[in-house]
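K.L.:
Heads up: the protein sequence lines correspond to chains A and B, in order.
77 is the number that this note's numbering gives to position 77 of the first sequence; each next residue is one higher, with no gaps.
Just add 445 to wherever you are in the second sequence, counting from 1, and you've got this note's numbering.
These are calculated hints, taken from the structure and not from any lab test.
Check each hint, because a few of them may be wrong.
Here chain B is said to cover these stretches of chain A; the calculated rule only asks that three of the stretch's residues, wherever they fall, bring their Cβ under 8 Å from a Cβ of chain B [unchecked claim]:
#	segment
1	70-76
2	157-163
3	246-258
4	277-287
Straight-line distance between alpha carbons at most 30 Å, and here's what the computed DSBU-like set of lysine-lysine pairs gives [said to hold, decoys possible]:
#	chain 1	residue 1	chain 2	residue 2
5	A	Lys-392	B	Lys-696
6	A	Lys-301	A	Lys-212
7	A	Lys-392	A	Lys-376
8	B	Lys-837	A	Lys-251
Cβ atoms here follow ideal geometry from the backbone N, Cα and C, with glycine treated the same way.
Residue strings, one per chain:
There are 2 protein chains.
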Amino acid sequence: MASSKPDIAFIGLGAMGFGMATNLVKQGYTVTGFDVWAPTLERFKAEGGLAATTPAEAVKDKDYCVCMVATAQQAQAVLLEGENAAVPALPRGAAVLLCSTVPCSYVQELEKQLAAADRGDIQLVDAPVSGGAYRAADGTLSIMAGASDAAIEKSRFLLQEMSDPAKLYIVAGGIGAGSNMKMVHQVLAANQILATSEALGFAAHLGLDLKKAADTVIGSQGKSWMFEHRSPRALHPEFQPIASATTIILKDTSIITAEARRVGFPTPMTSTAEQVYFTGLGRGYGPDDDSSLIRLYWEGKGKVGPVAATAQTDEAKLALVVGLLKGIHLCSAGECIAFAARLGLDLDQVFELCINAAGGSAMLEAVGPEMMSLVKTTGAAAGSPAGDSLDKVVSGLQEAVDEAQRLKAPIFLGSQALNLTRLAMAHRPKTAAAATSGVVVKVWG
Amino acid sequence: MASSKPDIAFIGLGAMGFGMATNLVKQGYTVTGFDVWAPTLERFKAEGGLAATTPAEAVKDKDYCVCMVATAQQAQAVLLEGENAAVPALPRGAAVLLCSTVPCSYVQELEKQLAAADRGDIQLVDAPVSGGAYRAADGTLSIMAGASDAAIEKSRFLLQEMSDPAKLYIVAGGIGAGSNMKMVHQVLAANQILATSEALGFAAHLGLDLKKAADTVIGSQGKSWMFEHRSPRALHPEFQPIASATTIILKDTSIITAEARRVGFPTPMTSTAEQVYFTGLGRGYGPDDDSSLIRLYWEGKGKVGPVAATAQTDEAKLALVVGLLKGIHLCSAGECIAFAARLGLDLDQVFELCINAAGGSAMLEAVGPEMMSLVKTTGAAAGSPAGDSLDKVVSGLQEAVDEAQRLKAPIFLGSQALNLTRLAMAHRPKTAAAATSGVVVKVWG
């Protein structure tokens, strides 16, 4: 049966790309794949794909090219560098969907390079994805796509094939807007991945049963999508399976802090996470699952001699762990929303995307609307505060920080979050005495 | 020859206490020492001291007691706990000089305990010291003494025997004020000790000759007293001699952050340092010299694969190291001065003490007066700005943070300092567009 579906070139068949490309094969597309790692191409052929030996060969006569390499450097190499680069070989008017997570600045630069190379005809789509390898293979990713209207229209069917119908976000703002949307989502990811290790490491210092601690968190206001997905791997004796390497979230983290520096925006939470990721990398944990960073947190457990904990019961100890996470999630939500506002993104779209994706947390759901209202208006009263009072969250967080200090347990994110709430209180309007916790968003400016 | 000098009891003959007590012996005092570690008492006898087997025995019939134990817990034990405690055995009207570094809250509580035990007659002096073992033995310490006028008068000669004439600070505010003064000084110490490791670890990632880097820093605006004293030990192959253990500065660091939490004051710099100290403790570095924390910073060097540094020349790389330190010292100065203002200390005295003690740095000297002027007035223009523009310091710091990110080198304090300057810029008055760097102090409230 001859397919009326257009042929697709797919560059980059890693954990995500392989699933995405294979899904397109299953949907009846003829997909020509390219990857630098030859065994992957053999696997792809076994799944019904075609294999090319260069990017140029892959895209020859293809009206659509999906690029899912790991970094901006790799995207630049396969698209534009050398005689086997894809772009010169693309037919005129072809669509290029860049699905890699790259800095906004890179994809905007790529658009300029296409124009400079007299290939402004190419319909570039800035379309980073989220959701992990399973959803990639299932065609149910979240996709954040920014591009010209024409490029979006040309590529919409393909974006739909790869995404969940409810999770295809067309982001206003053209090229760069998709990457910015992904980036602000990753503020939550970067902090909440590490918060899982931090909270469980703290639970270990407290002498808690970690499985019980994890179950308690998941049933509490300290829960997050990341905690639910990372905690089983953090508690696996060998941190298995390696579902997402530390180097991957570190790459996204560095995109956030570098883009923030470029626009002069402070990212105290994400920068703290980045420093801990660097420490993990230095220890040689880069290739390991990111949940394995719990090793950085429980290291001193029991070494510092007998310490009298003030929290004696399991219930009291579990409350400290939940209080720690609530404080961290409050501040990661604030950093995400304040950064999104600074970048001019549609905050309602940011919020909807984040609560339905890997960045979701109970705190974000509770405080997000108030935070959005606070950064949209200037100095006006909050919209509809739904979260706990700031004092209540701060008090829970402070109890956790007090106890961690007593146990000499590092809690980088929790300590940072507490200081941020203090800075927020130092700068909040005098009229906001009984503020709800969303007011912390004002510390970012 | 019979001495007309009063007999002294001296409790706690550790690295500092031994030198202080021995100095008093040399000055002609009859000093009765007590320490839980018996060999120390033998050494003290060899130096001409007398030895007691309990605190109570040491203080019997002594009108003066100096207490130089390591912690508030130890002070409480030797002064008040059990049948051999010192306080019940002290003659009426005796002076107790508590020279240990303890929280303000503890020494104020001690004053209340004395009153409750019907020993309000004791002339308590809150007199923490600074300067290290050499100056202790030399009788040239810095001493920050807070007490009633009567207690100060009674003890002045003894404070003078132990201190440099120019470095005896009588701190207004009574019991607790001396400890607060020491504490705000230790904000600088806690950050600048760690900054030495951070800067030299960064220099290692940059591929610099570390001795040359240290020499350059010492001749630059990135210099500090701590850097001068720590860098030789950080560069010693075995981090020798062990002049000050990591556990000691960690103890002081935790006093700062705990007291700050008690009054709701944010300490983003010191809290960051504390988390790194906890990490070092977890690695087993607690008993080692604090300069050995450079190990936490250079760990990943060379592991992350070839990275193209943008700084190619030694001169450019050295400038990055200096830029890093200037940024950190700017923010540690801000945290010190803002905290001192919050505690109601005499800022001129704080500044004079700090620039002449272990907390001194070129940045503090340059920006301290402007910072003091900014926190004293409310919203008014700065007094006499002497430092670089904020933009200049931030730009140097940002280049260092950019390069560290490229090298995947952790720089916890530098990253935090950069974010604080960004937060400061977000909150500074619109009229302060061309602000000098001291304006960063406003971020604390």
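K.L.:
Taking a Cβ-Cβ distance under 8 Å as contact, does the segment 70-76 of chain A have three or more residues in contact with chain B?
P.N.:
violated (count 0)
K.L.:
Examine the segment 277-287 of chain A: at least three residues should have C-beta closer than 8 Å to a C-beta of chain B.
P.N.:
holds (count 7)
K.L.:
Please verify whether Lys-392 (chain A) and Lys-376 (chain A) have alpha carbons no more than 30 Å apart.
P.N.:
holds (25 Å)
K.L.:
Need the status of pair Lys-837 (chain B), Lys-251 (chain A): alpha-carbon distance at most 30 Å?
P.N.:
holds (28 Å)
K.L.:
Counting residues of the segment 246-258 of chain A whose CB is closer than 8 Å to a CB in chain B, do you get three or more?
P.N.:
holds (count 4)
K.L.:
Between Lys-301 (chain A) and Lys-212 (chain A), does the CA-CA distance stay at or below 30 Å?
P.N.:
With Cα atoms ~18 Å apart, Lys-301 (chain A) and Lys-212 (chain A) stay inside 30 Å; holds.
K.L.:
Regarding the pair Lys-392 (chain A) and Lys-696 (chain B), is the alpha-carbon distance no greater than 30 Å?
P.N.:
This hinted pair holds, its Cα atoms lying about 28 Å apart.
K.L.:
At a Cβ distance under 8 Å, does chain B reach at least three residues of the segment 157-163 of chain A?
P.N.:
violated (count 0)
The structure fails to meet hints 1, 2 from the earlier list, while all remaining hints are met.
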